[in-house]
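Peer 1: Chains A and B, in that order, give the protein sequences.
Heads up, the first sequence is in our numbering, so the first residue is 190 and it goes up one at a time.
Heads up, the second sequence is in our numbering, so the first residue is 190 and it goes up one at a time.
Derived by calculation from the structure, the hints in this document are not laboratory data.
Incorrect hints may appear among the rest.
Below 16 Å or equal to it, Euclidean Cα-Cα: the simulated EDC-like pairs (lysine to aspartate or glutamate) are [said to hold, decoys possible]:
#1 A/K434 - B/D414
#2 B/K433 - A/D414
#3 A/K314 - A/D332
#4 A/K491 - B/D292
Protein chains: 2
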Amino acid sequence: MKTRTTLLLNWYANPYHAPVLAAKALGFYDDEDIKLAILEPTDPSDVTEIVGLGNVDIGLKAMVHCYAAKNRGYPIKSIGTLLDEPSTGLIYLKKSGIQSFDDIRGKRLGYVGEFGKIMIDDLAKCAGITDYETVRVGMNIVDAIRRDVVDAGIGIGCFQQVELEHEMGEAGMLRIDQLAGLGCCCFCSIMFIAHEKVLQEQPEMLQRFLSATQRGAALVADNPDRAFEVIQEYYPRLDSELYKKVFNRSLPFFSRNLLNVERDWDKVGNYSVRLGIADKGFSICDYFTNEFVPSTPFSEVKPLGCSV
Amino acid sequence: MKTRTTLLLNWYANPYHAPVLAAKALGFYDDEDIKLAILEPTDPSDVTEIVGLGNVDIGLKAMVHCYAAKNRGYPIKSIGTLLDEPSTGLIYLKKSGIQSFDDIRGKRLGYVGEFGKIMIDDLAKCAGITDYETVRVGMNIVDAIRRDVVDAGIGIGCFQQVELEHEMGEAGMLRIDQLAGLGCCCFCSIMFIAHEKVLQEQPEMLQRFLSATQRGAALVADNPDRAFEVIQEYYPRLDSELYKKVFNRSLPFFSRNLLNVERDWDKVGNYSVRLGIADKGFSICDYFTNEFVPSTPFSEVKPLGCSV
């Protein structure tokens, strides 16, 4: 009997989920005796709550949201990394005239959920800018720019910026990490999160889930063309020129070992304190654990037997 | 007056050096007041010795070679990572009939320098195989397969395997880390190395060198098409379909923060002990330092001033 489990993505299924999608399509989860249901949110802001209430076993969410979720009392922890520091910021069409953060004066800025607004407002406060507008657009940043509802919006370089450029012309990005002096885009690293109860009650399932995912990540790194082929056969809606571009642009950012990076949790914790969504005395150990990440990843080859 | 310094590559200049080549082409080293000469070896086995004798300031070399070099008394240290765990192994044409390590019986196996032979012999010993031949082929693995001098040879997935496939048909790889049960290809991570004297006498130069290189790595990750364009303009010999493929296949492996990974040094140390090229009581602190890696990478944007 296979163990049933559920993964709730942070966004609709797209090529930046490639390690998971390839592992699913090729039966890597089945090989680990896991029957995995992959779910998509229609509103990304629902994810931490649904995981935090224990309704799904595993979710995907940006690192900064993990701090916010804990702050609201949801007992979740990160068990691994999917995307490592994907560049994130305000994306815009170059013809909009935006060149620096100062150019947001008088502009309408789109954000996904409430924490995007908190970040924009924090940056604006730092820059002493008050004459701008924020608009909650959920998953439809590019569409909102096309419909002239906003002039720019928060997005990821390897996805929304690529999409904007593909559909509407040359695009640029003001990276939030650079504007905020953070030193890395780790606040937007995409983490596998789970309820504390799942960590306690199903540790083996989590290990097997991450093992299969590592195998997917290895395929994506070593044989990206094959990985994309597999994904687009399994998810025909991803068979497009745009998604091929998104896939290629995501390659630098996939974590291969899936480990949480301690230093990043520290940085993002401090940033969360500054944003008012974490308490000063935070301890990073409350937010992540690497105990479920296999230290010797799945091997396609049987080792010859003289292990180190 | 700019500081002159030299970087000796581990191989001829190719797209897996993209962060360095892009930084050079775009003047990022000049921006840091460094006049950087980039040198290529004609025999990769010369690199640790030349760096170890203090003839050039900085070199590039695989992690396992750092252990070997120290073992021979060369006072070098790794100051950062260029390529993070690129998949490495015995590459072959599928039509050669090789499918598993057992198929090396009766075959001729090419290797670059002496440590490749040590690795092959170690694996063969584990598998109880004695009827195979090793041939030192230096930088000419693919050529040696083409000229039927060897049946397979040690190479990197994102370079020699791509080259073999591009020139001669479907190729496969038996990954050394999987055969040896290592758990990661970190033994082949490509490190920036320097003589201890350079570490002591020119710490600021090393910091500035790594800062410019981080900026190159950020460009490669965020805007790979632009980065490759820049590189092929500066090094016209890299303007080919093959090198575009090598570039794309290298994208998952470029370190963006350039940090040495402690866990990898530990693993590779143990592997080096097993290979007889390091002593059991090794201390990883003798082999690397992260003190020159800028913790807040160069930003293309002036932070707004409310840093964390």
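Peer 1: Are the hints correct? Go through all of them and say.
Peer 2: Verification of the supplied hints:
1. For the proposed pair A/K434 and B/D414, the alpha carbon gap of about 11 Å is at most 16 Å, so the pair holds.
2. A distance of roughly 14 Å separates the Cα atoms of B/K433 and A/D414; the hinted pair therefore holds under the 16 Å criterion.
3. Among the hinted pairs, A/K314 with A/D332 is inconsistent with the structure: their alpha-carbon atoms are about 27 Å apart, more than 16 Å.
4. For the hint linking A/K491 to B/D292, the alpha-carbon distance of about 14 Å falls within 16 Å, and the restraint holds.
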